[in-house]
Structure formats: structure tokens, C-alpha cells
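A.B. asks: Residue numbers (our numbering), protein chains in the order written: chain A, 1 to 180; chain B, 1 to 172.
Among the clues, some could well be false.
Pairs of lysine-lysine, BS3-like flavour, derived with a Cα cap of 30 Å [stated by the list, open to error]:
hint : chain 1 : residue 1 : chain 2 : residue 2
1    : A       : Lys83     : A       : Lys44
2    : A       : Lys44     : A       : Lys34
3    : B       : Lys79     : B       : Lys162
4    : B       : Lys162    : A       : Lys150
5    : B       : Lys79     : A       : Lys152
6    : A       : Lys34     : A       : Lys83
Derived list of chain A stretches under chain B, where covered just means 3 residues or more per stretch with a C-beta under 8 Å from a C-beta of chain B [said to hold, decoys possible]:
hint : stretch
7    : 135 to 143
8    : 149 to 158
Treat the hints as calculated values from the structure; they're not laboratory data. Owing to the predicted nature of the structure, the values given are computational and were not obtained by experimental measurement. For every residue, glycine included, the Cβ atom is placed at its ideal position computed from N, Cα and C.
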Amino acid sequence: MSQEVLQKLQQHLGENVLEVHDHRGDETATIEAKTLHDTCRWLKKTAGLEFDMLVDLTVVDYLEQGRTPRFEVVYHLYSIAQKHRLRLKVGIETDTPEVDTVSDLWRNANWCEREAWDLYGISFRNHPELRRILLYEEFEGHPLRKDYPKAKRQPLVRRPREEFEAVVRGSGIGNKRTLI
Amino acid sequence: MGLEFTTGRLADTVSWARKYSLFQYPFVTACCGMEFMAVWGPRFDIARFGAEFPRFSPRQADLLMVVGTITERQAPILKRIYEQICEPKWVVSFGVCASSGGFYQNYSVTPGIDLVIPVDVYIPGCPPTPEQILDALVMLQKKIQDRDTWSQRNYEIQEWTKKQAEGTLAKR
Ligand code: SF4
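Excised from the complex, chain A in its bound form:
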């Protein structure tokens, strides 16, 4: 059904559409990152398309597959009025993982983008408040990147070891009931 959407998108963007596929209704288009914001506005505002809902925004890290660009930001769009879906993908370079925000078009993108920043370190240009949302401010690095060490922990509090040992050493005392 939304193959029409793909066709319209291709007509509109021309060669800025890098790749499309529509296997059993999962219409997907990979587009140039620089056209992202304009395209999203066009998708939202054009009559007949009306993508008024951003269902989800996620990131994929293709480090182990060795692909360039390494990151891919994925936008799942849905139109409540027209009842059709579209998936948009943009590839992002490793050294400056940066893309335009869409939080001015869909307000829920604000938190989705903060999550993407938190876990993948993708920074969104013109985002109103880009800071961590799930992890704490003291956390260093972005844990869902595939080069983050799997078992690395960054604790906020730990008991001092001595506290442990003092009580263990004195553990006999409590059982000798004559002491106190």
C-alpha cells in the first residue's frame, strides 16, 4: 500500500535516496543525512502522506560488520490519518556522529534522541536539551556502542572493604554471650 509513498519519496528526492526496499510491506528508504530534516518536514506536511507520528527512533552500530558509515539512525513513521508506514534510515560517519534533530516536528523525538545520545553517542544538531536520559551524568562513554567493553561497570557507590572486614573479624563476639 505504501509503495506509493516510496515512489513519491523517490520522485521528490531524486538521487538523495540511496536505497529502497519493500519486502512484505516494510517500506524502507535510506536517504542522505543532509536532506533528513527537510524530508521529514515534507513527509509530515504533504497532503496524502501526513506522517503525523514518530513511532520509534533507534540506532544501529555496524562496527563488527565493518560497514561505512558505521552508524545508522532509523526512524519509524506512521500516519494515523492515512494508516501507512515508512521506515527512514540515514547513515552517519564515525568521527562526527551528528544528524539534524526532528524534535521540532515530532515532540516525542526529544526523548528518543536523548536516548540515542545516551547509549550510542549520536549528537543531534539543534536539539533543545541534549543530555543523558537513562544513565547518570557521571557515566563515561556510550554503552551500546559495540566497542564499549561488555563487563565494564561505572559504579556510583561501593562499600569500603574495611567495613566488611571489621565486622567479619569480630563475628565471634556476638556468639559469646557473656561479653556484654
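Chain B with the ligand: place on chain A using the hints.
C.D. replies: Quick look at chain B with the ligand alone, frame taken from chain A:
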């Protein structure tokens, strides 16, 4: 002469009273809470052990039940709740998540709450069955009677050290 004997018996009596009136603060964060609720219900009925009242303020509780996954971000909060409970206090670590991090061996989950606060009884299981919880409660009661929990030991060590410094330690 008699003082030593009296206080010994007194401490036993106090422990006996304490073990049958546990006021728990349920620090419930995840799925283990479902089993925990079952224990409160009429079928398993934790009230039989004198521990039925949940207190939602740490200042009114003496048993901290840590039920569910504790993340690194939550750990300072858990520590703070623990510090707010008045002495003597007891901690039960409920489920593998609280005891060791369980299957969440990653950046976000604390690998065992005993890295943050002292724990008296650990309950394994994901989630533990109600019978295990009752078993743990009975174990805790035994520990309290024996004055063998972290909080009681700590107290006795402090008293002992103080008396030793003063030179008022009873001779044996
Ligand atoms: S131990 Fe299992 S049931 Fe309990 S909180 Fe962890 S995952 Fe959930």
C-alpha cells in the same frame, strides 16, 4: 556478678521479641515483587511469622527487603534508604538480581547489593518461590535470636571496644 547473667538473658529476651515483630520496608523494583505479593496473601501468609506489616517509610521499619534488580543508578538511593532505617536493622536480598546481578551482567546493573549495603540473608531463585521466602524469614529470625546479624554484631563490637577502652569489661 549477677549483672552479666541478667544482661545476657535480657539480650536474649529482647532478640526474641524482635524476631517476632519485623516491620519490613519493601524496596520492590522488578518482577520479583509478584512473588513477594504472594507471600503477603492469605495462602502463604507471612503474618504467621509476625512480619506482615509493610512500612513505606524507612524510619518505621527494621527489615529492608530488597526485591528485584538494583541498577548502578539506584544504588545510592538504596544506600540512603538503608542509612535511614534505625538500628537494629536487617537486610534480605530477594532473588538473584539483588544477590548477584543475576543474568544482567552488563554496564547498568549492580552485581550484588552487598557491594553497597550489608546483607543478612540471601534468597536465590528467579523469582524465588514463596516457600523459599518463608524459609529465609525463619533463617533471619534464627540469626536475630543468635544476635548474629550485621547490625547486632556491629553493635556488640562497638560496645565491647568501648568497654575495653574504659576498662569495664566483665571478667570471664
Ligand atoms: S531475580 Fe528474576 S524475577 Fe527477580 S527481579 Fe531478577 S529477573 Fe526479575
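A.B. asks: None of the hints should be skipped; say for each whether it holds.
C.D. replies: Structure-based check of all given hints:
Simply put, lysine 83 of chain A and lysine 44 of chain A have alpha-carbon atoms about 13 Å apart, close enough for the 30 Å limit, and the pair holds. Taken as a hint, the lysine 44 of chain A and lysine 34 of chain A pair is honoured in the structure, with Cα atoms around 17 Å apart against an allowance of 30 Å. With a CA separation close to 27 Å, the supplied pair lysine 79 of chain B and lysine 162 of chain B stays within the 30 Å bound. Restraint check for lysine 162 of chain B and lysine 150 of chain A: the C-alpha separation of about 47 Å exceeds 30 Å, so the hint is violated.
The straight-line distance between the Cα atoms of lysine 79 of chain B and lysine 152 of chain A is roughly 22 Å, inside the 30 Å bound, and the hint therefore holds. For the proposed pair lysine 34 of chain A and lysine 83 of chain A, the alpha carbon gap of about 27 Å is at most 30 Å, so the pair holds. Note: the stretch 135 to 143 of chain A has 3 residues with beta-carbon separation from chain B under 8 Å; the three-residue rule is met and the coverage holds. Beta-carbon proximity to chain B at under 8 Å applies to 9 residues in the stretch 149 to 158 of chain A; the threshold of 3 is reached and the given coverage holds.
The structure fails hint 4 only (numbered hints given earlier).
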